[in-house]
Amino acid sequence: MISMGCDLGMVSAKAVILDDGDILAAEVLPYRSNPKEAMIEVIDRAIERAGISSERIDRCLATGFGARAVPGSAGDVSGEECLIRAIRYINPEVRTVIDVGSHTLHAFTMDSNGKLWNSAITDDCSAGMGRFIELMSRALEVPIDELNRDSLISARPVPLTNLCVVLAESDVISHINEGYDRIDLFAGVLMAVASRIAGVARRAGLSGEVAMVGGVAKNAVVVRELERKLEMKLAWLGEIDPQVIAALGAALLAGEKKG
Amino acid sequence: MIVAGCDVGALTAKAVIMRDGEILRGEIIPVRPDAVRSATEVMDRLLTLLGLSFDDLAYCVSTGYGRRIIPFADTNISEISCHGRGAWWLVPSIRTIIDAGGQDCKAIRVGERGELKDFRMNMTCAAGTGKSLEVMAEALGVDVSELGPLALQASNPVLLKNQCCILTEITIRRMILEGRNTADIAAGICNHTARYILALLQDMGAKNDIGFTGGIAKNSGVTGSLENALGTKLVEFPVDPQLIGAIGAALFAADMGKA
Numbered sequence: 001m002i003s004m005g006c007d008l009g010m011v012s013a014k015a016v017i018l019d020d021g022d023i024l025a026a027e028v029l030p031y032r033s034n035p036k037e038a039m040i041e042v043i044d045r046a047i048e049r050a051g052i053s054s055e056r057i058d059r060c061l062a063t064g065f066g067a068r069a070v071p072g073s074a075g076d077v078s079g080e081e082c083l084i085r086a087i088r089y090i091n092p093e094v095r096t097v098i099d100v101g102s103h104t105l106h107a108f109t110m111d112s113n114g115k116l117w118n119s120a121i122t123d124d125c126s127a128g129m130g131r132f133i134e135l136m137s138r139a140l141e142v143p144i145d146e147l148n149r150d151s152l153i154s155a156r157p158v159p160l161t162n163l164c165v166v167l168a169e170s171d172v173i174s175h176i177n178e179g180y181d182r183i184d185l186f187a188g189v190l191m192a193v194a195s196r197i198a199g200v201a202r203r204a205g206l207s208g209e210v211a212m213v214g215g216v217a218k219n220a221v222v223v224r225e226l227e228r229k230l231e232m233k234l235a236w237l238g239e240i241d242p243q244v245i246a247a248l249g250a251a252l253l254a255g256e257k258k259g
Numbered sequence: 260m261i262v263a264g265c266d267v268g269a270l271t272a273k274a275v276i277m278r279d280g281e282i283l284r285g286e287i288i289p290v291r292p293d294a295v296r297s298a299t300e301v302m303d304r305l306l307t308l309l310g311l312s313f314d315d316l317a318y319c320v321s322t323g324y325g326r327r328i329i330p331f332a333d334t335n336i337s338e339i340s341c342h343g344r345g346a347w348w349l350v351p352s353i354r355t356i357i358d359a360g361g362q363d364c365k366a367i368r369v370g371e372r373g374e375l376k377d378f379r380m381n382m383t384c385a386a387g388t389g390k391s392l393e394v395m396a397e398a399l400g401v402d403v404s405e406l407g408p409l410a411l412q413a414s415n416p417v418l419l420k421n422q423c424c425i426l427t428e429i430t431i432r433r434m435i436l437e438g439r440n441t442a443d444i445a446a447g448i449c450n451h452t453a454r455y456i457l458a459l460l461q462d463m464g465a466k467n468d469i470g471f472t473g474g475i476a477k478n479s480g481v482t483g484s485l486e487n488a489l490g491t492k493l494v495e496f497p498v499d500p501q502l503i504g505a506i507g508a509a510l511f512a513a514d515m516g517k518a
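For the record, the sequence lines run as chains A and R.
Numbering-wise (my numbering), the first sequence opens with residue 1 and increments by one.
Numbering-wise (my numbering), the second sequence opens with residue 260 and increments by one.
For reference, chain A alone in the conformation it holds in the complex:
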């Protein structure tokens, strides 16, 4: 059975195609303005990568903020459900999942059967989320990839005093004017992000292996600082892109006729 999972997020569209649980394609497409268009495009790309025709997809499930706008979906599933399913598929030892996307900061724990145990979420402030990092890099006027790479070796990260995205931006701008190094400023931003994430993760309770998923899990500095703060290594998720985990879960659930 060929199944597809789609995750239409706030800044990127993701699609995963499975053939009886084997990954045929996993695609991510960042977008700026039109989520529906991006979703259609990324589905096309995934179909091409999988080397199948679109008619062969037996079932599709969608998740993410724009789940309802995913064409051809049999229904939508919660992000949590998708992540639990995917993580159990990738690494069954994992009991704690930290999910940090552009607009999400969420951590939860589950029992050995994959039943949700505890959950901690931030829904009143976006400090610590991917959008925070993106807006800070915009304020620094340096491409984000360059900042991420160079801040790995920053020796003097500048601590952030304010964690509101917007207010932190003005702090950062005034620090630039005071002559601080942009890389040290960005390293400070990433450390603040890691602290926020660690706080949420601790609120969920850390049990078993701990995995981090979502776009921010690709940020090496955040991961390193988070590991330092939590005093543990994050679980290895293989070669899979941490950004497609929810889409993978949706595809698995679609293949199992769930959702």
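Don't take each hint at face value.
What the hints assert, rightly or not - Below, simulated SDA-like cross-link-like pairs (lysine to any residue); rule was C-alpha separation at most 25 Å, straight line:
1. R:Lys420 / A:Glu41
2. A:Lys36 / R:Met434
3. A:Lys218 / A:Glu41
4. R:Lys492 / R:Asn415
5. R:Lys517 / R:Glu281
6. R:Lys477 / R:Asp443
7. A:Lys36 / R:Glu397
8. A:Lys36 / R:Thr430
9. R:Lys420 / A:Asp124
10. A:Lys36 / R:Arg439
11. A:Lys36 / R:Leu426
12. A:Lys258 / A:Glu55
13. R:Lys420 / A:Val11
14. A:Lys229 / R:Thr383
15. A:Lys36 / R:Ile435
16. A:Lys36 / R:Glu437
17. A:Lys258 / A:Ser78
18. R:Lys420 / A:Lys218
19. R:Lys420 / A:Lys229
20. A:Lys36 / R:Val401
21. R:Lys376 / R:Glu397
22. R:Lys420 / A:Glu134
23. A:Lys36 / R:Gly400
24. R:Lys420 / A:Arg228
25. R:Lys420 / A:Ile121
26. A:Lys36 / R:Glu281
27. A:Lys36 / R:Arg432
28. A:Lys36 / A:Glu55
29. A:Lys258 / A:Glu80
30. R:Lys477 / R:Pro289
Simulated from the structure, these hints should not be mistaken for lab results.
Assemble the complex: chain A is given as a structure, and chain R must be docked to it using the hints.
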């Protein structure tokens, strides 16, 4: 006696020169990379326009976010005092001033002589500031200046519950996907900003008349929403409200030049 006030903010630098209690002229420029350069440039420009030189100034007071490092200022006074004084001088019936700009949102109460009585400002969250408004407008895909005219056409304004503008992006973008009316969302955005400004006013206690200054004061959507909520008209200023802080500084300069 010729005196000057110089107000260096996060986005613009303003200068006003007064002679014997009358405004000769004001000038506004976008900020340069550092506060000293911004202040020097705006002051030089204003002096040249008036055919004056630094030596003609009996006293100069700096205010605003860069006020402490302006080399040519004889002293500096907080923007809150300057703002209150300037607004009261322009409209003596004023008792409450809202100043909402790019990154901050303040409520100021003055007494019968324009003296500072109380104030509140946003410390940890950008809700109610120009940047927050901008982020939400961008999520809707319109310019902030279009929010007012759009809001006028709204028949059923949406309620944007989340205080954080970044998280509100999700709500707005989901509403767009669901096909909600743009005008209704625009009105919801204006109400969101007005709501957090109002919260500061209520916390401080507002007395009529109320004046509104700063970048957001130019946004008819937010002012309209605020007037609705307050049940009273906001005061209109006879000069560009962006100059009020510098006017207040110049008034303090006149006091100090006399002493």
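Okay, which hints does this one fail, numbers in order? 1, 18, 19, 21, 24 and 26
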